[in-house]
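Engineer: Chain residues, written in single-letter form:
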Amino acid sequence: MANKINLILKVWRQKNQESQGRFETYKALDIDTDMSFLEMLDVVNESLTKSGVDPIAFDHDCREGICGTCGAVINGQAHGPLKGTTLCQLHMRHFKDGQTLVIEPFRAKTFPIIKDLCVDRSAFDRIIQAGGFISVKTGQAPDAHAVPVPKDKVDWAMDAAACIGCGACVAACPNASAMLFVAAKASHLNVLPQGVPEKKSRTLNMVKQMDQEGFGNCSNEYECEAACPKEISVAHIARLNKDHRQAS
Amino acid sequence: MSYQTFDFNSSITKKQIVALTGLVLIFFVVFHLAGNLFIYGGPAAFNGYVEKLDDLGVLKTIAEWGLFFVFGIHILTTAFLVLENIQARGISRYAVDNSKGPRSLATRLMPYSGSYLFLYVIWHLIDFSWADQQGPRSIIHGVSYGLYGVVVNAFKDPLHSMLYIIAMCFLGLHLAHGTQSFLQTFGFNDNRFTPCIKKFSRYFAVAMAAGYSSIPLYVLYVLKV
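Chains A and B are the protein sequences, given in the same order.
Mapping of the first sequence onto numbering that gives the first Met the number 0: position 33 corresponds to residue 32, and the numbering continues sequentially without gaps.
Mapping of the second sequence onto numbering that gives the first Met the number 0: position 102 corresponds to residue 101, and the numbering continues sequentially without gaps.
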């Protein structure tokens, strides 16, 4: 039989972008420790709805840790206390009975709060758009071995491509910098033969868009790497710094 | 597709300017300490070193102005970056301050250690560099000992020494983050070398802070005048 725990939740409630937010305290009773964090919020929302209170709004989609939609800050840590885990994959067994959890949205000027824990991360989409296209031949799918790619470059690109664009890096960075996100997105194309022709423009345009959106500057504090649910290395930021220097 | 070839306003370019000027200042800190250690050789050795520097004439003036310029660019660019960072973080902060990553005290204190050092450098210039080297502050037992005398008289005052040592502790903290940060900002991050560089950065910072702090401690507790 599964264990049950009781929790006290201090949740950030904010009606819309314009309104002033505040913390509300709720009790989460008889929470199954095998539940994910989002399932726990579902249970709390059911009881809130039954008692006529507006349920807590939070972003979610796949609940498998691969879409990058969910995310909140739990007791000051983006995606909660576990490393390499999205909020949907964080299970309640990692919390103690009677514990108080302070649940906040990802905070940054570039991530305006839409409602409660939902934030607008469309700045990330605009950075991706600024990156532009890659040069590939249209027509039939090419043979898998038509373009040889060295193993170290494949590994590097795949590590970077693991970025799900959740925004935890921005949320965790003391400067609200998006360097890890931009570095991962630029990096996974910059080293591959398919991405090399536009490497220079991609690097400069993505960084320019990042700056225009109003993200902060990286000061090498590496909080982003610790908060990243895909554990993307800050070595990618170093690579972006190098690519940008060479492209300028 | 259009893009600008060189964007001075780019966050990365600004960071690299800070890193490059920081590197110049790191070299200055090393050479300055090497020179200061002549104090252990007594008044003749120390004042001899000061005279050798003065003999450089125009070269010394160029080096001083160059340092002022580098120092100014380092501070101004950092100030811009810090202001942008404050804006980006926004007014709302997390209710719980609970870092998940490796954010160290040195990293956390960078803007504060830098600000203290900035104020300290101004005071240090007035205190030693622009001091009257033959004036009353240089006199020990009725004899003028030049800059050696100024330094010894200054560090015989415990408060003076304490302010100096605090500044050197901040210098150590600043260097502990700054030295390793330089390489990351210029694009060098390697599984093998980065851990060594981080370690070196810490040892180097301790060595610099200890080296500089040893001088007032020597004057206060060892030197008999």
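Hints listed in this document are in silico derivations from the structure and should not be mistaken for laboratory results.
Just so it is clear, the structure is predicted and the values come from calculations on it, not from any experiment.
Among these hints, one or two may not hold up.
[As the list claims (entries may be wrong)] Every beta carbon over 10 Å from chain B, so not counted as near; a handful from chain A, in silico:
(1) K9
(2) D41
(3) V42
(4) C66
(5) N74
(6) E103
(7) K114
(8) L191
(9) L203
(10) N216
(11) E224
(12) S232
(13) V233
(14) I236
[Claimed, not checked] Far from chain B by the CB rule (all over 12 Å, computed), these chain A residues:
(15) E63
(16) A77
(17) I102
(18) K108
(19) G164
(20) E220
(21) D242
[What the hints assert, rightly or not] Cut-off 25 Å, straight-line C-alpha distance, at most; resulting in silico cross-link-like pairs (SDA-like, lysine to any residue):
(22) A/K241 / B/W129
(23) A/K150 / B/P194
(24) A/K3 / A/M34
(25) A/K3 / A/K108
(26) A/K95 / A/L37
(27) A/K207 / B/T12
(28) A/K82 / B/A78
(29) B/K13 / A/G213
(30) A/K229 / A/R125
(31) A/K199 / B/A78
(32) A/K108 / B/F187
(33) B/K13 / A/Q245
(34) A/K152 / A/N44
(35) A/K3 / A/C66
(36) A/K241 / B/G89
(37) A/K198 / A/P173
(38) A/K241 / B/V81
(39) A/K14 / B/R191
Cβ atoms here follow ideal geometry from the backbone N, Cα and C, with glycine treated the same way.
Engineer: Which hint numbers does the structure go against, in order from smallest to largest?
Structural biologist: The structure breaks hints 1, 5, 6, 9, 10, 11, 12, 13, 14, 16, 17, 18, 20, 21, 22, 25, 28, 31, 32, 34, 35, 36, 37, 39; every other hint is satisfied.
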